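Given next are the chains, with one letter for each unit.
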Amino acid sequence: MWRNEYEASGVELADGAQVVVAGGPGYYPGSRTSSPSFSFDVTSLRLAGEGDLLAQLAELRRKLDAEGLFTPQKTLPRPALPRCIGVVTGESGKARDDVLAGLRRRGWAGRLVWAFAPVQDRHAAPRITQALQDLAALEEVEVIVVARGGGSLADLFAFCDETLCRTVALLRTPVIASVGHHTDTTLIDDVAAVSCSTPTHAAETAVPTHVGEAREAMRRAAGRLAHHGRRAVLDRARHLAQLSRAPAEVVARHRARLHQMLREIRAGARRRGIDERRALTATQALVLSRKAAAAAGPERTSRTSRLQGLTAALVAHDPERVLERGYAVVDDGDGNVLTSAEAARAAERVRLLFGDGHVHARIEE
Amino acid sequence: MSTPERTYESAVERLEEIIRRLDSGDAGLRETLDLVKEGRTLVEFCAAELDAVGRGLEELRLDELVARLEAGAQAGGPTSGAA
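In order, the protein sequence lines correspond to chains A and B.
Here the first sequence is numbered in my numbering, starting from 1 and rising by one per residue.
Here the second sequence is numbered in my numbering, starting from 1001 and rising by one per residue.
I should point out that these hints are in silico values taken from the structure, not numbers from a laboratory.
Please read these numbers as outputs of a predicted model, since none were measured by experiment.
Glycine included, every Cβ here is placed at the ideal spot set by N, Cα and C.
A few of these clues could be false.
Per the computed footprint, the stretches of chain B lying under chain A, defined by three or more beta-carbons under 8 angstroms from a beta-carbon of chain A, are [what the hints assert, rightly or not]:
| # | segment |
| --- | --- |
| 1 | 1008 to 1015 |
| 2 | 1029 to 1036 |
| 3 | 1043 to 1052 |
| 4 | 1061 to 1072 |
One-sided and incomplete, this derived list gives chain A residues near chain B with beta-carbon spacing under 8 angstroms [unchecked claim]:
| # | residue |
| --- | --- |
| 5 | Ala80 |
| 6 | Leu81 |
| 7 | Arg111 |
| 8 | Ala131 |
| 9 | Val211 |
| 10 | Ala222 |
| 11 | Arg224 |
| 12 | Gly268 |
Isolated chain B, as found in the complex (with noise of 0.2 angstroms):
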């Protein structure tokens, strides 16, 4: 079974359940103490992602960034093509 890419939204609406599940009081010890592990990673990963939009605004010229990924690949290139 492969595990779908976790994004900020599915993070933020997973919590959301475990909170609600928890909140209602029905969870068991085990189910409880695995919901909270669970719940701690996705709030250290929605806390990454709200500080990468955090730290400051980037501003990127496309031309600029096409040149530069450009430059990139062609310094890559030889490497790409003998593998």
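Bound conformation, chain A alone (with noise of 0.2 angstroms):
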């Protein structure tokens, strides 16, 4: 083989790799410097095993797609808390302490069956798929996980076998697969439910609700219906009550309303009737002062004469009057009029009282 197509082919080889190569033969007829030779000229090379297994896995993979038989699992319903999970693994392999860790992740503890197979013999896929069908018989198995740790395709090969994964894919139960790494895809990937990286995360598969979360959902879930179920009677029965305080409010509104009212009324009416006396009394004065005023009419003349009478005489014996017509008042002094001679004598000074003023006087005799 030239080292240019060995190159172009990227086979790495190593000491007893097996290979399927083609190529034709080649003949050198010789010189005068080398002798004639017959080879065996090869113009592709590829490792031999890996090869016819890939691709007697694609043929296989190519088959049960047509027959539809990758759609089965995947239309399952898978439960969300399962009570009783079945695990398909070696029994001594990592894949069972990491299922557990997924479970126990999950916060999941509930039944789990084992069922422990080879995982990577010839017997394998038989025991595997045995196992399978015994659990997906137990009816209390909801789900299957399915888990086995990296390895070579000639070791996961297994999982790639015809009949097995026709089983798997008609079970009832749902398989979930965890089979090698990642970069691994074994036929049981297609046609299972689920297809998983890693065990732990086919276990987290497996219960997709977490126990403590779902837990502390539901102790909420129990708060809000009581919430709501105390609100539905509290906020109505205040309600009620509210409704019930309304008329009352209402009433209460409208008598104050009236007392108002009935106050202005009777505020109003009381200026009304002040005011209405008030007009009357002026009106009965005047009547009263003409009723008089006509009662009193000839009296009134009779002795408004005679006071004028009167008047008249009083003022001719007025003494001031009296005196300025020459007449004189004899007093003792004191003012004490003296109205006979004996009384004159007897007070010897007198006073003398004229219209103009006043004399004092000496009686002699």
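With the hints as a guide, bring both chains together as one complex.
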């Protein structure tokens, strides 16, 4: 094989490698310095084993897909919280611990049915198939996990077995596969309900519900329900109480308004009464004065004339006027009028009051 | 009308629906009380389901379980045969 063709093939050869080659015979007739030779001239090269397996796998995949066997598992309902999980795995493999770790992470601690089976020799596929059938036959098993750690394609080839894959496709229990590393793709990954990259992830997928979080959610839901239950009655009772108070409040409001109106009416009436009375009194007074005038008419005239007569008499008897006419009043000087000669003699000193003043005099005899 | 078997997921779904309806405030008194009653039943059911997977991991081997079931079937065999 020429170097450039070997490098183009991308194959890394090692001692003991089995290969499948294609090429043809090469003949060299020889020369004066070299012997003739016959050789096999390799034009293409691939590793034996894996390449064949891949071709077989591709063919089987195409066949199962054409039969529609990749779909049935994917249409199965998967429980959110399975009580019982079946697990097919190797008894001593690390996958077992990984499955347990995944379930622990979900807080799940239900019933786990282990179906241990060889996972890589030529007995593996029929034993795994049997385990799957047995688990699916148990009614309580709600979901099955098939787990195996990484390995070469030849190691994982049991999970590409046609019988096994057909069995998985037709099981009524959902199967979650986690075979090999995420770079490996086996046929069981195609037919299973879900294909996961690791056994831990497969276990978590088998229990979609986180038990602790779900408990918390249930506590919250119970709280919401209790709240709504209480509020449904309390809110309505409060509303009813408000409604029942409302008519009384309306009546009270109307009553207060009526009282106010009544007070205003009374106040108005009182004002009007006073005005009316005041008007009435004035009228009465006028009437009375007219009546009085009417009643007193003739008498007043006579009384007036009598009064005028009396006034004239009074004026006539006014001492001042008498004194003006030439009369004098005699008193003792202290204002005691002396009305007789005897009294004048007895007084000896007298005062004579004239109209324009007075003089003092002495009685001589 | 047959009632479909209640599952944890259907119970949770219905419970969420009930709480959404109650939170909306559109439900009347009778409906609210009925929903609360139904919701409580669902919470109890879900709590029982959660308890069932929270009591402690029970690990069984398939071959042991099958043997136990077969023994049970054999013990019950004559009875069922007679029936």
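To see whether the hints hold, each was checked on the structure:
1. 1008 to 1015: holds (count 4)
2. 1029 to 1036: holds (count 5)
3. 1043 to 1052: Coverage by chain A holds here, the residue count being 6 at a Cβ distance below 8 angstroms.
4. 1061 to 1072: This one holds; 5 residues, not fewer than the three required, reach chain A with a Cβ under 8 angstroms.
5. Ala80: Holds, about 4 angstroms.
6. Leu81: Since the shortest Cβ distance to chain B is 4 angstroms, the answer is holds.
7. Arg111: 5 angstroms, holds
8. Ala131: Ala131 (chain A) check passes; min Cβ-Cβ to chain B is 7 angstroms, inside 8 angstroms.
9. Val211: Check passed: Cβ of Val211 (chain A) comes within 6 angstroms of chain B, closer than 8 angstroms.
10. Ala222: Holds: closest Cβ of chain B sits about 5 angstroms from Ala222 (chain A), inside 8 angstroms.
11. Arg224: 5 angstroms, holds
12. Gly268: Violated, because the Cβ-Cβ distance from Gly268 (chain A) to chain B comes to roughly 52 angstroms (cut-off 8 angstroms).
The structure shown violates just one earlier hint, number 12.
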